[in-house]
Amino acid sequence: MTVIAAATAASTLAACGGSDDGGGTSGGGGGDASANEASDIGITEDSIKLGAHFPLTGVAAPGYSEIPTGAQAYFECLNQQGGVNGRTIDYIYRDDAYNPTNTSQVVNQLVLEDEVFAIVGGLGTPTHSAVLDFLNSEGVPDLFVSSGSRLWGEDPETNPYTFGWQTDYESEGKIIGQYIADNFPDAKVGLFLQDDDFGEDGEAGIRQYIDDQIVAAERYTPGNTNVGPQIAALQAAGADFVVGFNVPSYTALSQLTALQLGYDPQWFYSNVGSDPTLVGSLLNNFSQGQVSDASLLDGALTTDYLPTVDEPDNPWVQEFQRIWDECGGEGELTNYRIYGMAQAYTTVQALQAAGQNPTRDGLVEAIETAGSEWEGPVLAPFRYSADSHMGTSGMSISRITGDTTEEVEPVQLTDLGDAEIEPYDGEMAEVPENGIPNEESVVD
Amino acid sequence: MSDLQSPANTTAESNRAGGKASEDAPTEATAGADQPTATRRRSLLPSSTLLRHLLVLLIGAVGAVVLLETTDPFTNSQLATLTYYAIAAGGLTVLTGMNGQISLGHGALMAVGAYTTALFLSADEPLPLPLILLAAIVTATAVGALVGVAAARLHGPYLAGATLALAVGLPGLAIYFHDVLGGEQGMRVRAPRAPEAFESFISAVSGNSATNTKWLAYLGAICLLITYFLLANLIRSRIGRTWRAVRDQEVAAELAGINLGAWRVLAFVVSAAAAGLAGGVLALVVRLAAPSGFTLVLSLALLTAIVIGGLGSLLGALLGSALLVFLPPFVTDLGTGWGLDNTEAAQLAPFVYGVVLIVAMIFAPAGVVGSLRMRWLTRQAKRSAARASRG
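Residue numbers (the UniProt record's numbering), protein chains in the order written: chain A, 1 to 444; chain B, 1 to 391.
Keep in mind that the hints were calculated from the coordinates and are not lab data.
It is possible that some hints are incorrect.
To be verified - Partial pick of chain A residues on the chain B-facing surface, computed with a CB cut under 7 Å: (1) L56; (2) T57; (3) V59; (4) P62; (5) S65; (6) N99; (7) P100; (8) E113; (9) S129; (10) A130; (11) D133; (12) N136; (13) D196; (14) D197; (15) Q318.
Claimed, not checked - Take a look, some chain A residues computed to stay more than 10 Å from chain B by CB distance: (16) G83; (17) T88; (18) P126; (19) V131; (20) E154; (21) V227; (22) S281; (23) D313; (24) N357; (25) D415; (26) I436.
We treat Cβ as the ideally placed atom computed from N, Cα and C, and that holds for glycine.
Could you put together the complete structure from these sequences and hints?
In structure tokens form, the structure reads like this:
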């Protein structure tokens with residue numbers, strides 16, 4: 001144990017010394033499968049152990065608890081095809097009930113007892129920030145956090161092992177702001193915000209474009225289920241266009257409250273809160289069956305950075321459907337499961353790029369070097385580099401109509417701060433055979 | 001006051017029914033300390049309460065070092081978690097077990113300690129850690145004193161209701177004072193690194209490497225031992241006896257010149273101080289102080305711990321806390337071992353937890369320690385009865 005710890009410390013030092021000059025990036029180091037070694041903690045000759053924390057019980061479990069089942073199904077199918085460089089993936093996810101105290105305990109367990117190679121896709125801003133320092137001080141790669149906070153990618157110097165994945169909330173706010181400025185220049189906009197980084201970053205982004213159009217900004221505290229005052233205040237301020245940076249349960253609550261108040265603005269929900277299937281079931285639940293589906297959401301706008309289940313013609317959705325049918329568990333393919341599968345896809349790209357015998361530091365270097373080139377189910381490119389660990393850079397805008405969605409604006413790209421918004425000219429990536437990516441190693 | 005009399009009495013009754021054994025045992029122990037008649041015991045332990053507790057403290061310290069050095073890093077981190085639950089549960093046991101007051105607000109008092117620690121540590125040049133933890137204790141004590149004044153006039157369900165409001169409302173302050181306290185996502189805590197003396201101590205004791213996890217576990221263990229040493233002395237002292245008098249015989253106590261209110265406030269303040277320290281340790285171990293970590297569930301968990309462990313006993317509080325920490329991962333692993341998927345296994349833990357609680361209530365209403373003590377006392381009584389009939 002001490003020997004391994006000492007070796008990790010030495011390799012950490014070496015990587016810190018050499019990460020700035022980029023290191024040698026000779027591609028094509030395929031190698032033969034017989035040369036597999038147990039190259040780091042969590043890596044054996046024939047397996048890679050990955051860990052994750054999700055709310056499987058408690059208030060945040062609806063929807064979010066489906067994400068790891070999607071990832072699990074993807075890894076299952078991958079393992080049937082031989083895994084990554086001859087290694088199968090051993091994916092362990094544990095329940096933290098969306099309580100940061102629990103997150104700290106289960107991540108301790110994953111790192112110290114299960115001895116995982118990396119943490120992948122840990123969910124939640126308050127929960128994951130409890131383990132941010134721990135993972136970085138232990139040198140455990142902390143990939144693709146399931147949250148759009150800037151914490152995961154803005155400052156790679158402080159948190160060199162942590163990477164974001166989805167489009168951050170500020171970039172989302174900017175893209176929404178510009179869309180409103182272009183298409184609804186006369187709208188009086190009200191904001192319905194979750195009172196944390198999510199709402200705050202979204203508001204900062206949107207205000208860059210339509211600050212003078214905003215007539216009210218109302219905040220709700222998660223856990224308080226009465227949003228009557230907020231919705232009434234938006235109505236009183238004369239807002240005819242409401243943008244919500246809120247989680248799915250508050251989409252349902254805001255819809256029911258607006259229905260009671262006879263308030264009918266144009267709604268625009270952030271990607272986080274707009275999943276029609278989940279919102280529909282929550283509406284049914286909250287209204288005790290009086291509203292049975294998501295028909296209230298008809299006509300609402302939302303953003304996308306991934307293909308969704310209501311696009312059955314999308315080749316990625318078809319591929320994910322096949323994977324779910326062949327390797328998944330009970331239940332239907334949902335947007336949350338697609339999210340988990342897409343995250344698993346990026347993880348496999350990172351592991352492939354980290355070479356025949358991956359190390360923790362090699363994995364970080366591989367993502368920084370090659371991550372911005374990776375193509376896959378995500379609609380926009382990643383922003384990974386040595387200076388930024390931010391995830392995907394863009395979003396499209398679509399309208400929810402009945403049980404499907406239609407795109408109203410193609411993918412726009414942007415970044416934090418006052419970076420420009422530009423339309424994305426890239427094509428949708430092709431689906432590789434068996435849905436398994438084929439990246440070359442970028443690490444010696 | 002008079003209209004509160006009947007519910008107060010029933011609470012006292014129910015307490016007595018539940019904690020029969022635990023209330024008998026301390027009396028006997030104190031009696032034994034004052035007038036050493038039990039000859040067998042005198043030969044084993046020093047007759048002075050203080051010396052006896054010092055000896056137990058020393059044994060506890062050696063036990064903690066052995067435990068932490070022989071277990072793996074993950075168990076180390078679990079033991080660190082155990083220490084903050086046990087510190088808070090120890091304080092609560094003084095309040096509920098000794099003084100007969102029920103608090104559902106101790107999670108909120110832990111939040112006070114945790115946020116104080118986080119605020120002091122976020123300074124550019126933070127104070128030494130012992131001072132910061134002391135500040136956490138002082139702040140929580142101040143809040144506890146405020147609540148305690150209300151607690152002095154309330155009993156049983158009324159006090160539980162008032163402290164329930166504390167548990168629900170106080171974490172909301174962190175969201176209201178968003179800029180200072182970090183709102184919903186809380187304040188991240190950077191625990192100070194271990195001093196060099198610690199590393200040389202560890203390598204001298206066991207030759208293991210001194211990780212940060214281990215350092216935090218030791219820190220928690222030190223706080224736990226000191227807290228329990230102080231609380232044990234308090235329980236066995238005149239103060240502890242007065243608390244028990246207030247709990248068991250309100251009218252008699254008042255006739256004896258005991259100011260019920262003042263003693264109840266004191267009990268609440270002492271337990272708040274322990275909760276404050278527990279919160280400080282929690283902030284260091286979890287590395288975060290956030291409202292979602294201090295929900296009502298935390299307060300209820302503490303209450304469960306002391307009830308299962310045995311009301312009124314510090315050992316019981318420790319055992320109950322151990323159950324809180326070790327049961328969920330054990331059950332989850334058992335579930336996955338039986339072939340359940342991870343979600344089902346995770347759902348199994350709260351279920352088993354509930355079953356354990358119900359079983360404990362039915363078969364061991366005095367808690368683990370209480371039931372063992374009761375069995376021991378019964379055997380003693382039978383034996384002396386037999387001896388008396390023989391002689």
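Hints, one by one, checked against the model:
{"no.": "1", "hint": "L56", "result": "4 Å, holds"}
{"no.": "2", "hint": "T57", "result": "5 Å, holds"}
{"no.": "3", "hint": "V59", "result": "10 Å, violated"}
{"no.": "4", "hint": "P62", "result": "12 Å, violated"}
{"no.": "5", "hint": "S65", "result": "6 Å, holds"}
{"no.": "6", "hint": "N99", "result": "6 Å, holds"}
{"no.": "7", "hint": "P100", "result": "5 Å, holds"}
{"no.": "8", "hint": "E113", "result": "4 Å, holds"}
{"no.": "9", "hint": "S129", "result": "6 Å, holds"}
{"no.": "10", "hint": "A130", "result": "4 Å, holds"}
{"no.": "11", "hint": "D133", "result": "6 Å, holds"}
{"no.": "12", "hint": "N136", "result": "11 Å, violated"}
{"no.": "13", "hint": "D196", "result": "4 Å, holds"}
{"no.": "14", "hint": "D197", "result": "6 Å, holds"}
{"no.": "15", "hint": "Q318", "result": "25 Å, violated"}
{"no.": "16", "hint": "G83", "result": "20 Å, holds"}
{"no.": "17", "hint": "T88", "result": "17 Å, holds"}
{"no.": "18", "hint": "P126", "result": "4 Å, violated"}
{"no.": "19", "hint": "V131", "result": "8 Å, violated"}
{"no.": "20", "hint": "E154", "result": "14 Å, holds"}
{"no.": "21", "hint": "V227", "result": "15 Å, holds"}
{"no.": "22", "hint": "S281", "result": "17 Å, holds"}
{"no.": "23", "hint": "D313", "result": "31 Å, holds"}
{"no.": "24", "hint": "N357", "result": "25 Å, holds"}
{"no.": "25", "hint": "D415", "result": "22 Å, holds"}
{"no.": "26", "hint": "I436", "result": "23 Å, holds"}
Going down the numbered hints, you'll see the structure goes against 3, 4, 12, 15, 18, 19, while the others check out.
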